[in-house]
Structure formats: C-alpha cells, structure tokens
Amino acid sequence: MKNENEHASGDGYGRKSYFGPILLITIGLVFLGKNLGIFPGDGWETIWHLWPLVLIIGGLDDLFRREGVAWPILMIGAGTVLLYNYFGPQAMISWTKIFQLWPVLLIAVGIDVLFRGQSGWRSLVGVLLSIVLIGAAVLLTFQGIDIQADYMKIDERYSSSVDGAELDLSLAVGEFIVGTETRSGKLIYGSVTPGTVVDDLDEMGRQISYHLESNKPAFFPYTARWDLHLTPDIPLELKVDLSVGEMLLDCTDLDLDSLYANQGVGRMVIDLPESIAHEVLIKQGVGVIEVEIPEGVRIAVDAQNGLTRVKFPGNFELEDGYYTTSGTSRTNAELMIVVEQGVGLVTFQYPE
Numbered sequence: 207m208k209n210e211n212e213h214a215s216g217d218g219y220g221r222k223s224y225f226g227p228i229l230l231i232t233i234g235l236v237f238l239g240k241n242l243g244i245f246p247g248d249g250w251e252t253i254w255h256l257w258p259l260v261l262i263i264g265g266l267d268d269l270f271r272r273e274g275v276a277w278p279i280l281m282i283g284a285g286t287v288l289l290y291n292y293f294g295p296q297a298m299i300s301w302t303k304i305f306q307l308w309p310v311l312l313i314a315v316g317i318d319v320l321f322r323g324q325s326g327w328r329s330l331v332g333v334l335l336s337i338v339l340i341g342a343a344v345l346l347t348f349q350g351i352d353i354q355a356d357y358m359k360i361d362e363r364y365s366s367s368v369d370g371a372e373l374d375l376s377l378a379v380g381e382f383i384v385g386t387e388t389r390s391g392k393l394i395y396g397s398v399t400p401g402t403v404v405d406d407l408d409e410m411g412r413q414i415s416y417h418l419e420s421n422k423p424a425f426f427p428y429t430a431r432w433d434l435h436l437t438p439d440i441p442l443e444l445k446v447d448l449s450v451g452e453m454l455l456d457c458t459d460l461d462l463d464s465l466y467a468n469q470g471v472g473r474m475v476i477d478l479p480e481s482i483a484h485e486v487l488i489k490q491g492v493g494v495i496e497v498e499i500p501e502g503v504r505i506a507v508d509a510q511n512g513l514t515r516v517k518f519p520g521n522f523e524l525e526d527g528y529y530t531t532s533g534t535s536r537t538n539a540e541l542m543i544v545v546e547q548g549v550g551l552v553t554f555q556y557p558e
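So in our numbering the end of the sequence shown lands on 558, straight run, no missing numbers.
Don't read these hints as lab results, they were simulated from the structure. It is possible that some hints are incorrect.
[Stated by the list, open to error] Using 30 Å as the maximum straight-line C-alpha spacing, the simulated DSS-like pairs for lysine-lysine come out as follows: (1) Lys359 / Lys392; (2) Lys359 / Lys445; (3) Lys359 / Lys489; (4) Lys445 / Lys517.
Take the sequences, apply the hints, and build the full model.
Below is the structure:
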C-alpha cells in the first residue's frame with residue numbers, strides 16, 4: 207500500500223485540487239473590490255464578465271497536479287485571450303496571428319507525451335521546456351518573419367444599364383479588408399491570396415450579382431489576405447462572411463441597401479455610412495466588434511447577446527429594448543443595427 211501511495215503522489219494522480227479554493231478567493235476579491243469602490247457596477251455582473259478566469263484557473267490547476275501540458279496550455283491560452291477581449295486594448299489583438307499559433311498545440315502534445323508520469327525535476331524540465339518553446343513560437347508569430355504571398359487580381363466591371371448589385375464575399379481564414387477606392391464602372395477591384403478562390407458574376411437586366419468565395423484555410427506559410435474595394439456609385443446589398451480572422455469594413459462612402467456581416471471568431475471593425483435602407487445585421491461567435499457611426503445620424507441598436515460586454519457612448523439612451531441616440535426611436539431611426547454575439551466585447555463609437 208505504501209508503494210502504491212508513493213507512486214500515486216509521484217505521478218501527479220490523487221494530488222489535491224486547487225480549483226475550488228482559487229475560484230472562491232477570486233469571487234471574494236471581486237466582491238471586496240466592489241465594496242471598496244474599486245470595481246464599478248454590480249458584483250455579480252463583474253463576475254459574469256470574468257468567467258474566462260475559470261479556464262485559466264482550471265489550466266493552472268492541471269499544471270500544478272501534473273496532469274499533462276497540452277490541455278492546460280489550451281485552457282490557459284483560451285482564457286487569457288477571452289479575458290483580454292473584455293478588458294484589454296482591443297486594437298492590439300490580431301486574431302489572424304493567433305490562429306497561426308495552432309502548431310503550438312502539437313508542440314505541447316509532444317512534450318506532454320515525453321514527460322507525462324515523470325516526477326521531480328524531470329516534470330519541472332517538461333514545464334520549463336514548454337514555456338520556452340511556446341514563448342518562442344508566440345514571439346516569432348507576432349514579431350518575427352513576414353512571408354510575402356503572391357496575390358491574385360480581382361477586377362469586375364458593370365454596364366451603364368445596371369442600377370443595383372448584390373455582393374456575397376466569403377473567406378475561411380485570414381484578413382478581410384473592404385474599402386471604396388474604385389474607378390467609375392468597376393463593381394469590385396483589389397487582390398486576394400490565391401488558392402481555392404471561386405468567383406461568379408451574373409447580370410440580370412438592371413441587377414448584377416457577384417459571388418467570391420474561398421473555403422480552404424491557408425495554414426502555411428501565410429494566412430489569406432483579401433483587400434477589396436467596392437463601387438460607391440450604385441446601391442449594394444452586401445453580405446460578408448469570415449470564419450476566423452480580422453474583418454475591416456470601411457462602408458462610409460458606399461451606397462448600401464443592406465449589410466450583413468458574419469464572423470465566427472476574431473475581430474470586426476465596421477465604419478458605417480450615414481444611412482442604409484434596411485437594417486444592419488452583425489453576427490459573431492467569439493471576439494471583438496467595433497462599430498463607427500457618423501456624427502448626427504439617428505440610430506437604434508438592438509444588442510441582445512450572451513456572454514457579451516456592450517459599450518455605448520454616454521449620449522445613448524435605452525428605450526423599449528433599443529439603445530438610441532437622443533430624440534431617436536425605432537420608427538424614425540436612419541440606421542437600424544442588430545448585433546448578435548456569443549462571447550466577447552461590442553463597442554460603438556459615436557461623436558458626443
């Protein structure tokens with residue numbers, strides 16, 4: 207029995223869990239900070255937004271108990287990124303670069319296999335080696351080698367008889383940039399990373415439909431980058447999809463009938479025009495959404511979300527479930543915006 211107990215304590219199984227105590231300490235510190243005026247708002251609301259700490263605490267607990275390296279690192283990394291989304295400077299996050307770190311999991315699994323079940327200094331060596339290798343991978347990804355990719359030109363025109371267009375743009379993983387620097391008569395112009403790119407143009411009388419899609423993620427040596435410019439001269443129904451990455455939509459000079467922006471994971475920045483005929487629908491699973499609204503525009507925003515923190519300027523009011531500018535209601539709004547997000551942060555910028 208003695209040998210079995212020694213073996214159990216040596217390989218990490220049966221070690222005391224620190225998860226519960228650390229979680230209780232964290233909750234206690236939050237309420238203490240609330241009582242002392244350090245944290246604004248309701249204590250439970252703050253705890254709700256701090257939920258990614260559960261992942262970090264769980265990962266640290268597994269590391270302390272020597273229950274592997276790969277899974278704890280994944281939990282700590284995911285928790286840190288999600289927590290950073292809530293409280294960090296969002297402009298510093300590059301989701302495209304974060305996605306490039308996927309090989310770190312392979313490194314962690316390899317080290318996990320090598321050092322699992324080891325005790326004493328050997329286990330410590332495994333943890334230190336993980337930190338060094340993963341730290342080096344992160345450093346190289348964010349500040350290291352910049353590999354330039356070849357680009358494929360996109361150049362589609364429309365005839366003078368066309369008075370409206372539907373655009374459907376879909377990218378799997380990468381950076382997605384949309385602007386309005388086009389010449390007269392050009393529907394869409396720019397460059398995309400080559401690969402499995404499929405495009406289709408269909409002109410039906412006075413309407414034109416264009417579809418551009420890439421379903422294959424570019425894992426190595428670069429992620430995809432789309433830099434596209436759309437015509438501001440005719441009304442557009444714009445649909446943009448991005449699974450993972452960064453989406454930058456400058457729509458300030460576009461003539462939009464409708465806008466649908468959908469993203470799985472990442473960062474989305476949208477500059478809106480002064481008016482859009484139909485509502486703006488913005489969807490995201492996990493990440494950061496930043497919406498820039500022109501000065502003097504009457505807007506109404508429906509932001510009913512899950513584990514999301516929504517930030518509005520001080521001149522917004524809550525009326526009948528909608529956040530509106532002063533003197534604006536759902537019926538007289540020039541911009542109707544619906545935001546659906548699972549986890550993350552939504553920020554609206556509006557001149558006060």
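Evaluated hints:
1. Annotation: proposed proximity of Lys359 to Lys392 holds, straight-line Cα distance about 13 Å (limit 30 Å).
2. Simply put, Lys359 and Lys445 have alpha-carbon atoms about 20 Å apart, close enough for the 30 Å limit, and the pair holds.
3. At most 30 Å may separate the alpha-carbon atoms for a hinted pair to count; Lys359 and Lys489 meet this at roughly 29 Å.
4. The suggested pairing of Lys445 with Lys517 holds, with an alpha-carbon distance near 25 Å, which does not exceed 30 Å.
Of the numbered hints stated above, none is contradicted by the structure.
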